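Q: So the chains spell out like this:
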Amino acid sequence: MVAVKASRRGELVVIDFFTQMALEGRAYQVRAGTITTPLVGDLLVTDSAAEMCVDAAAGVTVIPVYLNVAIRLGTGILHEYAAKSVASASTAGTAFVPLNLMLGGSAALSTARVGAAGAVSVAAEATTTTRRHWAYSNPLAVAAGHDFTTHEWAPINPPTLVGTACFYVQIAASGTGPSHYTVTDYIELTTTAVS
Amino acid sequence: MSDLRALVAQDTLATYPEGDFWPLKASKRGELIVIDWYKQMAIEGRIYQVRAGTITTPLVGDVVITDTAAEMAIDALTTTATVIPVYLNIAVRLGTGTLHEYAVKSVAATQTAVGSTGFTPLNLLLGGGAADATLYQARVAAAGGVTVAAEVATTTRRHWAFSSPVAVGAGNTVTTQEWTPRVPPIIAGVGSAYVQIAATTTGPSYYAAADFIAIPTVNIS
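Residue numbers (the working numbering), protein chains in the order written: chain A, 2 to 196; chain R, 70 to 290.
Treat the hints with caution; some may be incorrect.
What the hints assert, rightly or not - Residues from chain R that keep clear of chain A, each with C-beta distances beyond 12 angstroms, as calculated:
(1) Ser71
(2) Thr84
(3) Leu163
(4) Thr189
(5) Leu193
(6) Gly198
(7) Thr203
(8) Ala212
(9) Gly214
(10) Tyr276
As the list claims (entries may be wrong) - Cβ pair distances, simulated, as ranges:
(11) Ala145/A - Thr84/R: 53 to 61 angstroms
(12) Val243/R - Gly105/A: 29 to 37 angstroms
(13) Ala118/A - Thr271/R: 30 to 38 angstroms
(14) Thr95/A - Glu100/R: 45 to 53 angstroms
(15) Val243/R - Arg133/A: 20 to 28 angstroms
(16) Gly187/R - Arg10/A: 32 to 40 angstroms
(17) Gly238/R - Ala58/A: 46 to 54 angstroms
(18) Leu44/A - Asp201/R: 46 to 54 angstroms
(19) Thr193/A - Trp106/R: 23 to 31 angstroms
(20) Thr192/A - Thr149/R: 33 to 41 angstroms
(21) Leu141/A - Ala222/R: 25 to 33 angstroms
Derived from the structure by calculation, the hints contain no laboratory data.
Source: prediction; values computed, not measured.
Beta carbons are placed, not taken as given, at the ideal position from N, Cα and C, and that holds for glycine.
Next comes chain R alone, as it looks inside the complex:
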């Protein structure tokens, strides 16, 4: 018979210090209280966000999806840095173009800085530390203004895609897309995760947000 004991501590939140052993938490009914890894990463201030579009000012995506051209990218700049994308939201405000193509991909090369706008990742923990700019960088740009490595089926990972041949019209209800990976890409640096948002004739007007974990590579392998 095993005997697992935990401290019933439901009414008052504990504030245990770092680096010492303390009792695990249980409910008054004896259930062990657990927290999943993603929520713990957020509470530890290790999840950051890159975003595009503000209030009524969306960004306009590319006219025809184009190799090496992206709307958003997150880099792990050195072998000591790892990026783990965990969520993407794309909300299309205007979609009069056709042949919509949205995708998330990753590759073992960083984006090219030239011609795109740097974005300082936002910590999802308000007041949390900034992402180390020597290890992580992000860029956001309209119309495929972020330059990434060429896509090759044998090396580029394709994590999620949305395609639609028709323009948004009455009855076309799915204009907001979400990706929450079942098995998240592990971008062990040097590498980049990037987002492409494009259509034919008129680029989609969109708001986008990409959340990612930034963690030292030494902590995963």
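Isolated chain A (complex conformation):
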């Protein structure tokens, strides 16, 4: 037991949940693209094809809290970017070992995949089961005057994905896939700590 901290003025000092999770080493990251080598997204957004995902097996819960999509080249049209989740694990794609946002922190229990051109296979989207958390659409190619080439999602009500579950990101356009750098940050908990 510890005494709670107060300021010299008597205010109770509180720390928000997200920051405390980071300080405890429970926040992880999945990333795509390096320096001048972005990944190229899909040609047309395609059901069950994603660019990035985080899988929580049974007993693990993940809470996505931040997404950053930075478009380096966007000559295609009909841009469709989205973050979704579903109660099934992904089935294919190159594995990515999640990075702990606390340097020196422990490895994740959750797993992840990253791939170009929709190479991450996820469950088919159904309006009755798949959650749609964020989306960006634009019918036009990026050109002078098209200023939204970087996108962020920081949910006020983050999805709580009790495993088995998958959070995934789709980045696609028609004609030419968008070249992108993408980051997803998420909190990982054991499900017994959630419910």
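Once you've looked at the hints, dock chain R against the given chain A.
A: Leaving out everything else, chain R in the frame of chain A:
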């Protein structure tokens, strides 16, 4: 039934001393008054700033984003020091280049001191103590003049990025970028957080400010 009592002390600011128990503060309506951790860190003088550019003299970023080359870096030099980046502002004054790439990253290695200019972090509490130079260091330089560890997808954290393939022109309104992390990176030393600002053909002219918490590692783990 629980009974939580706090002192109604709305009209006069208390000045309680360190290291003793005192009543928590309540409003005249009985609400408990709280302060979030970030504001308390600032009031305690634990938040510092690294900045680039002055008045009408911005810095000019790199021509093509380049591995190991950064415009700004903050180091936790020993295992006893932790850096927590909490805010970044990049204001682009001139952006005639194309393929703009701005990013915040971190890695478990310190920057290389050679070839870059040291910057003494500014305490956001005016009159607050200086960051311990044996534990923390910062550098600022134009054109990728701060040398950092090579980026590797399996070890380097990528916290925020802005990309744009086109030059700034009429109708391109987003020329100022901000990052306030939802889950802040915890740079438990030895480690470095760094900022890259670059474009093709002509480097972006920019003003930048990065705020970070400096806290002993023993206080977080």
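Q: It remains to establish, for every hint, whether it holds in the given structure.
A: Hint check:
For Ser71/R, the shortest C-beta to C-beta distance to chain A comes to about 15 angstroms, beyond the 12 angstroms cut-off, and the non-interface label holds. For Thr84/R, the non-interface assignment is contradicted: its Cβ lies about 6 angstroms from the closest Cβ of chain A, within the 12 angstroms cut-off. At roughly 16 angstroms from the closest C-beta of chain A, the C-beta of Leu163/R stays outside 12 angstroms, upholding its exclusion from the interface. Interface exclusion of Thr189/R from chain A stands, the closest Cβ pair being 24 angstroms apart, more than 12 angstroms.
The Cβ of Leu193/R sits about 16 angstroms from the closest Cβ of chain A, beyond the 12 angstroms cut-off, so the non-interface label holds. A cut-off of 12 angstroms between C-beta atoms confirms that Gly198/R is not in contact with chain A; the least separation is 17 angstroms. Thr203/R, annotated as away from the interface, keeps every beta carbon of chain A farther than 12 angstroms; the closest lies near 19 angstroms. At the 12 angstroms boundary, the C-beta of Ala212/R stays outside the reach of chain A, the nearest C-beta of that chain being 16 angstroms off.
The non-interface label for Gly214/R is consistent with chain A: the shortest C-beta to C-beta separation is roughly 17 angstroms, beyond 12 angstroms. Every Cβ of chain A is farther than 12 angstroms from the Cβ of Tyr276/R; the closest lies at roughly 19 angstroms, confirming the non-interface assignment. Separated by about 57 angstroms at the C-beta atoms, Ala145/A and Thr84/R satisfy the suggested range of 53 to 61 angstroms. Take Val243/R and Gly105/A: their Cβ atoms lie about 35 angstroms apart, and the range 29 to 37 angstroms holds.
Look at Ala118/A against Thr271/R: about 32 angstroms separates their beta carbons, and that is inside 30 to 38 angstroms. About 51 angstroms separates the C-beta atoms of Thr95/A and Glu100/R, a value consistent with the hinted range of 45 to 53 angstroms. Range check, Val243/R to Arg133/A: about 25 angstroms between beta-carbon atoms, so the 20 to 28 angstroms window is met. Under the hint 32 to 40 angstroms, the C-beta atoms of Gly187/R and Arg10/A, about 36 angstroms apart, fit the expected range.
At about 49 angstroms, the CB distance of Gly238/R to Ala58/A agrees with the hint of 46 to 54 angstroms. At about 53 angstroms, the beta-carbon gap between Leu44/A and Asp201/R stays in the expected band of 46 to 54 angstroms. Separation of Thr193/A from Trp106/R is about 27 angstroms and conforms to the stated range, judged on CB atoms against 23 to 31 angstroms. For Thr192/A and Thr149/R, the Cβ-Cβ distance of about 35 angstroms falls inside the hinted range of 33 to 41 angstroms, so the restraint holds.
Taking 25 to 33 angstroms as the suggested C-beta distance range, the pair Leu141/A and Ala222/R conforms, at roughly 31 angstroms.
Comparing the model with each earlier hint shows a violation of hint 2 alone; every other hint is respected.
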